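Let's have the full structure, built from the sequences with the hints guiding it.
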Amino acid sequence: MHETDMTKALIVTIQDWWDAQPERPTIQKVHLIVGAFTCVEPASLQFAFDVQTQGTFLDGSELVIKDIPLVAHCHTCRADYTPDVGSQYACPTCNSPMEDIRSGRELKIDRLECVAA
Amino acid sequence: MERLYKRGPLPPAPLPLAFIPMHQTFDAAIEMNLLHANQRGADHNRAHFDEWGITCINLMSSPGAGKTQLLESTLKGLEPDLNIAVIEGDMTTELDADRLRQYGVPVIAINTGRSCHLDSKMVAGGIHQLQHSHEPTTLDLVVVENVGNLVCPAEFEVGEHAKVALLSVTEGEDKPLKYPVMFREADCLLITKTDLAPYLDVDLDRIEANVRQINPDVAIFRVSAKTGTGLTAWFEWVQQTVMNQTNRLQLTV
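If you read the protein sequences in the order shown, they are chains A and B. According to the numbering used here, the first sequence is numbered sequentially starting from 1. According to the numbering used here, the second sequence is numbered sequentially starting from 118.
Covered stretches of chain A (chain B as the covering partner; in silico rule of three or more C-beta atoms under 8 Å from a C-beta of chain B):
1. 11 to 21
2. 36 to 42
3. 81 to 94
4. 109 to 115
Partner residues aside, some chain B positions facing chain A, computed with beta carbon under 8 Å:
5. Thr142
6. Leu294
7. Pro297
8. Gln330
Result set (DSSO-like, lysine-lysine): computed pairs, CA atoms no more than 30 Å apart in a straight line:
9. Lys66/A to Lys295/B
10. Lys108/A to Lys66/A
11. Lys343/B to Lys292/B
12. Lys66/A to Lys238/B
13. Lys238/B to Lys8/A
14. Lys295/B to Lys8/A
If you're looking for bench data, these hints aren't it; they were derived computationally from the structure. No experiment lies behind these values; they were computed from the predicted model shown. All C-beta atoms, glycine included, are put in the ideal place defined by N, C-alpha and C.
If you want it as structure tokens, here you go:
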């Protein structure tokens, strides 16, 4: 399950931020933004997060994931469209290949809900 | 408190001491990539490669698509013109590394343990080893052979200048559609084991069309490392990539 590694990376990133704080707050919620065109399965991420944060500074924090759909832009049609992930990525109207991705590549820690120490 | 007085019709009574919150809650906007730490490590690795005038290629595919055999042919074909080293990711063994050492090039094996991809930190360890055992400035090309997996290596940069994906003809035409991120990210796709195509119900044009839907600019080569078919075009692509990278560095220095 590669989400284990994703979660490890997530924890390292939050840890870097947390270590840089003059007074270490308690992190209650971690808000993530996860695009549909990434290699991350939100349910697996949730599971891995709960397991891997046990006994760490993130123990008890809640992971909140916001899903972002894949939206591409067709230059020929000058319109956005939603590709059918797993089967069809070209523009459904003119069949141009998927060039610009408007959204769906996000893998972002949006914000942390904290309680001051 | 002043703000509250202005808003309310009546000034609120002062809170009893017990109700005053001891801990204030706040939101910290992070807006940082989930893989920030890995990305920073990858940039650091790339800076090392740039400093030494090395081009780095990240070679990725599912297990058994033929990465190691392709590398064997590539070392044989390019070693006279380019000085190459390999950083080899393998889950538990050194089997692949041993195969490649026969070609007389530096091979650094990284056992990734249970991890299903190489990350920038593991590759940094490999670069360190390479730096101590060989003079890095004499190298032109470092090929990182990633762990066999079509999913996560696509998201974990290791410091490469170009990503190369392999898809063998036995894997089926639909793989690019099912694992789109890998094929979107690739700068070059090698359709491997084409010598087997006559024995299979596989449409190579279909594979290419499926990849092009996702990534119209990718360079695609059909190769067989066994018979040597198509390898020349691949070698030229590698040489061109190294040359472009060298020129880019000379412009920025």
